[in-house]
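*Asks:* Between the sequences and the hints, there should be enough to build the whole structure, so can you do that?
Protein chains: 2
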Amino acid sequence: MNLDEAKKEFIAAWGSFGSKWGINRTMAQIHALLMVSHAPLNADEVMEILNISRGNTNMNIRELINWQLVDRVIISGERKEFFTAEKDIWKVAKTIMRERKRRELEPLIEFLKDLKVNEDMNNEEVKTFNETIKGIKELSEQAGKTIDTIIKSDEHWFWNAFLKIMR
Amino acid sequence: MNLDEAKKEFIAAWGSFGSKWGINRTMAQIHALLMVSHAPLNADEVMEILNISRGNTNMNIRELINWQLVDRVIISGERKEFFTAEKDIWKVAKTIMRERKRRELEPLIEFLKDLKVNEDMNNEEVKTFNETIKGIKELSEQAGKTIDTIIKSDEHWFWNAFLKIMR
DNA sequence: TTTTATTTTCAAAAAAAATTGAAAAATCTA
DNA sequence: TAGATTTTTCAATTTTTTTTGAAAATAAAA
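If you read the protein sequences in the order shown, they are chains G and S.
Going by this note's numbering, the first sequence opens with residue 7, and the numbers climb by one from there.
Going by this note's numbering, the second sequence opens with residue 7, and the numbers climb by one from there.
I should point out that these hints are in silico values taken from the structure, not numbers from a laboratory.
Worth double-checking, as some hints may not be accurate.
If chains are identical, the list can't say which one is meant, so a pair holds when it fits in one copy or spans any two.
As the list claims (entries may be wrong) - Quick list of in silico lysine-lysine cross-link-like pairs, BS3-like style, CA-CA up to 30 Å:
#1 K158 with K143
#2 K133 with K143
#3 K14 with K140
#4 K86 with K14
#5 K100 with K122
#6 K100 with K133
#7 K133 with K93
#8 K97 with K140
#9 K133 with K14
#10 K119 with K140
#11 K122 with K133
#12 K143 with K100
#13 K119 with K14
#14 K14 with K122
#15 K93 with K122
#16 K14 with K143
#17 K97 with K14
#18 K140 with K122
#19 K86 with K97
#20 K93 with K14
#21 K133 with K86
#22 K93 with K107
#23 K100 with K14
*Replies:* Written as structure tokens, this is what we have:
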């Protein structure tokens, strides 16, 4: 397989994988393209390579910047803005975990904190409900803490320690 | 807050949370409804409570059964089929991890195994590309192993061990 | 300042995903 | 077996999400 074919396949696969996890296919594809691009690309190049419109390109790149998965790069002498993505997949994974935690897990936990039935506390059904919600809240909190720990950790240290307890 | 209000809010929140993770909102809502239902429900009850059509109900319940998140229950004397969902959220989480691994992570790993540039192996760009892909493959494999370990583990044992290494 | 290049916005269009509902198939009962 | 009930299927419709592209805004150059 040559480089261009491989890049193309990877971009398609990353787009498809991302969309199964609630990430807009085009956004995932732009991310993939920048991950496998040697040099920073500008919006025109992204448009051209992925065959998408200027508006679409602009919106999705901005969203990737919000997610801290893509950075703007200033290239001296160039008028246009250029973009790059982190290539170290471990850093990428940590960023995604951090952002999903902040955007989705934390709001869920806040919501669950306020979700309690105070009437009929002796009723069996009410008890079960409150326990189910509590369980979800606690698991979510635990997941959040785990993510924090992973984010702080060094890759090799983390996996080595993890494997050690798992033996 | 009373039980019915709380259930309603939980169902809506679970639906919204699920849809951010690529799970059909209705499927997540049916799952939520069954998680907080004291007794098993039949399709008519689910339709009625969530205000959805028979076809939609049927398809999404079947999908939840595929995901092993919902079980068919036979109630003697009843002609209709009834459905329940596991209420232990830890078991639910493990099931979701196992299924997503099988459906999404494993196919990705298989794909990445075949994705290698064999031409121009000395070219710097080719080297970087192969390394990026290798990194993603290895991280995915590691994630898969971690999921396997979590699935096999007992909840408390797992978190205790985890916390220990994280001190 | 005016002109030119570039980026951003967003209403409208297109595409994708979810939902309906009625007919067909399957299952149960007598 | 025939009739009644329940479940499943799927073409058509609706809803949601994504994408487009041209106009507006912004930024740089002349």
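*Asks:* Are the hints correct? Go through all of them and say.
*Replies:* Each hint tested on the structure:
1. K158 with K143: both (23 Å within a copy, 22 Å between copies)
2. K133 with K143: within (15 Å within a copy, 45 Å between copies)
3. K14 with K140: between (46 Å within a copy, 16 Å between copies)
4. K86 with K14: Within one copy, since 25 Å is at most 30 Å while 50 Å is not.
5. K100 with K122: For K100 and K122, only the inter-copy Cα distance (25 Å) is at most 30 Å; the intra-copy one is 33 Å.
6. K100 with K133: Between copies only: 24 Å across chains, 37 Å inside a chain, cut-off 30 Å.
7. K133 with K93: Intra 49 Å, inter 13 Å, cutoff 30 Å: inter-copy only.
8. K97 with K140: For K97 and K140, the Cα distance is within 30 Å only across copies (15 Å; inside one copy 32 Å).
9. K133 with K14: Between copies, since 16 Å is at most 30 Å while 54 Å is not.
10. K119 with K140: So K119 and K140 pass the 30 Å test inside one copy only (8 Å; across, 42 Å).
11. K122 with K133: within (10 Å within a copy, 55 Å between copies)
12. K143 with K100: Classified as both; 22 Å inside a copy, 16 Å across copies.
13. K119 with K14: between (45 Å within a copy, 16 Å between copies)
14. K14 with K122: Between. Shortest inter-copy distance 12 Å satisfies the 30 Å Cα cut-off; intra-copy 50 Å does not.
15. K93 with K122: Classified as between: cross-chain Cα gap 17 Å, same-chain 44 Å, threshold 30 Å.
16. K14 with K143: Close across copies (17 Å), not inside one copy (41 Å); limit 30 Å.
17. K97 with K14: Classified as within: same-chain Cα gap 23 Å, cross-chain 39 Å, threshold 30 Å.
18. K140 with K122: Only inside one copy: K140 and K122 sit 9 Å apart there, 47 Å across copies, limit 30 Å.
19. K86 with K97: within (27 Å within a copy, 51 Å between copies)
20. K93 with K14: within (17 Å within a copy, 43 Å between copies)
21. K133 with K86: Classified as between: cross-chain Cα gap 28 Å, same-chain 61 Å, threshold 30 Å.
22. K93 with K107: both (22 Å within a copy, 23 Å between copies)
23. K100 with K14: within (25 Å within a copy, 34 Å between copies)
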